[in-house]
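Chemist: As you go down the protein sequences, you meet chains H and X in turn.
Be aware that the first sequence starts at 4, since it is given in the numbering used here, and climbs by one per residue.
Be aware that the second sequence starts at 356, since it is given in the numbering used here, and climbs by one per residue.
Honestly, the hints are just simulated from the structure, not real lab data.
It is possible that part of the hints are untrue.
Covered stretches of chain H (in silico footprint by chain X; criterion: 3 or more residues with CB under 8 Å from a CB of chain X, positions within the stretch not fixed) [unchecked claim]:
id: 1; region: 55-66
id: 2; region: 111-125
id: 3; region: 179-189
Cβ pair distances, simulated, as ranges [stated by the list, open to error]:
id: 4; chain 1: X; residue 1: A503; chain 2: H; residue 2: E162; range: 21 to 29 Å
id: 5; chain 1: H; residue 1: S52; chain 2: X; residue 2: T379; range: 52 to 60 Å
id: 6; chain 1: H; residue 1: F114; chain 2: X; residue 2: A503; range: 47 to 55 Å
id: 7; chain 1: H; residue 1: L117; chain 2: X; residue 2: M392; range: 32 to 40 Å
id: 8; chain 1: X; residue 1: G483; chain 2: H; residue 2: F114; range: 22 to 30 Å
id: 9; chain 1: H; residue 1: G183; chain 2: X; residue 2: A503; range: 50 to 58 Å
id: 10; chain 1: X; residue 1: E494; chain 2: H; residue 2: A148; range: 17 to 25 Å
Since this is a predicted model, take the numbers as computed values, not measurements.
No residue lacks a Cβ here, since even glycine has one placed at the ideal position from N, Cα and C.
What follows is the residue order along each chain.
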Amino acid sequence: MTEWLLALVPTYGPWMLFAATFLSCMALPIPASILMLAAGGFVAAGDLSLLSTASAALAGAVAGDQAGYWAGRLGGAGLLRGRDKAGLLVRATQMMAQKGGLAVYLTRWLFSALGPYVNLAGGAARMPLARFTLWSVLGEGTWVALYVGLGRAFAGNLEAASAQAVSILGFLGAGAVAVGLGYVLLRAMRAGR
Amino acid sequence: MTHEDTNSDAFASRILIGKGDHWTVSLLDRVLVWAKMPGMRQMFRLHPYLSVAFVLSTLVAIGFLVNAAIGILGWEGNRPGPVRPWMTVGLVAENWGLEPREIDAAAGLPVPVDGRPFTLQEIADQRGVPVEEIIQLVEDTVRQMRRAEHHGGTGNGAGE
């Protein structure tokens, strides 16, 4: 399946990436990250243009996020009605509406498996559309830049580029946890004085 | 950070550090005294769970960073990846640092039409041969060109 999709990249380039990132943001099992790595390689080889490739991938991802957001916004209240006796979902959606920006940003690229569900939650929580869209564009921009950039740097060597992506994401993920724990520790130490 | 977390951390510190400490805790305590890091020592005493989690996550982050640095530094010496059916001659050429149209000419492969390149699978389909045959042809051509380039470079260097 992946090999078949990869073969479509040099032929249908930007359209292919638009469809792949759109569908992957709708939680469909499309290997969009691998396709972007390959597309980066084709950019390095001169077979595809960087501008059209990156902008198509970004446009597809942002459109997918919007589709998920609106699905949550239009259908979310109905789905929650009568099933949230403990009020947990209501509280979760309230938190999402108030402080969801960072969650939207990080689930575009660092914890991307959660992305489609955060879109639905953001819509159901009636997170302001402008704020959701801003963080969605920033997050998807990071995702596209990381993968197309690595594919370009590693000239389509998917194994080397994937390994590098894991290292970079691992560093950023563990680094974020370390910074968060450091902050909590600092506050706890100050409070203890 | 809730009060419960802070309390459980403080409780853990009372259990972990005191008489009959586990030897690793005593060792860490001595190391921090020796290193003249009273702040760190106090941190581990007051919040052992949080401190251990902080140190571990920092070490994991450093590990990934070192791995990423090794990946970048080792890349130039290990550039070419395997040739695959979905690749174009342009991508193979980019991987090996060669001119794509020279590979086309040397291997007798079709050049892009209206700027649209062919994948090796498409070339195999057009010729009605297994794609492995085209991959082998490209790999042999690339190796020959690299060898010729290497010998040519050495020859020029010797002649200078």
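Chemist: Next, verify each hint and record whether it holds.
Modeler: Here is what the structure says about each hint:
1. 55-66: violated (count 0)
2. 111-125: violated (count 0)
3. 179-189: holds (count 6)
4. X:A503 - H:E162: 21 to 29 Å: 28 Å Cβ-Cβ, so the 21 to 29 Å window holds.
5. H:S52 - X:T379: 52 to 60 Å: About 57 Å separates the Cβ atoms of H:S52 and X:T379, which means 52 to 60 Å holds.
6. H:F114 - X:A503: 47 to 55 Å: holds (49 Å)
7. H:L117 - X:M392: 32 to 40 Å: Between H:L117 and X:M392, where Cβ atoms are some 38 Å apart, the hint holds.
8. X:G483 - H:F114: 22 to 30 Å: violated (47 Å)
9. H:G183 - X:A503: 50 to 58 Å: Given about 56 Å between the Cβ atoms, the range holds.
10. X:E494 - H:A148: 17 to 25 Å: Because 32 Å falls outside the window, the suggested range is violated.
Figure legend: structure checked against the earlier numbered hints; hints not met, in rising order: 1, 2, 8, 10.
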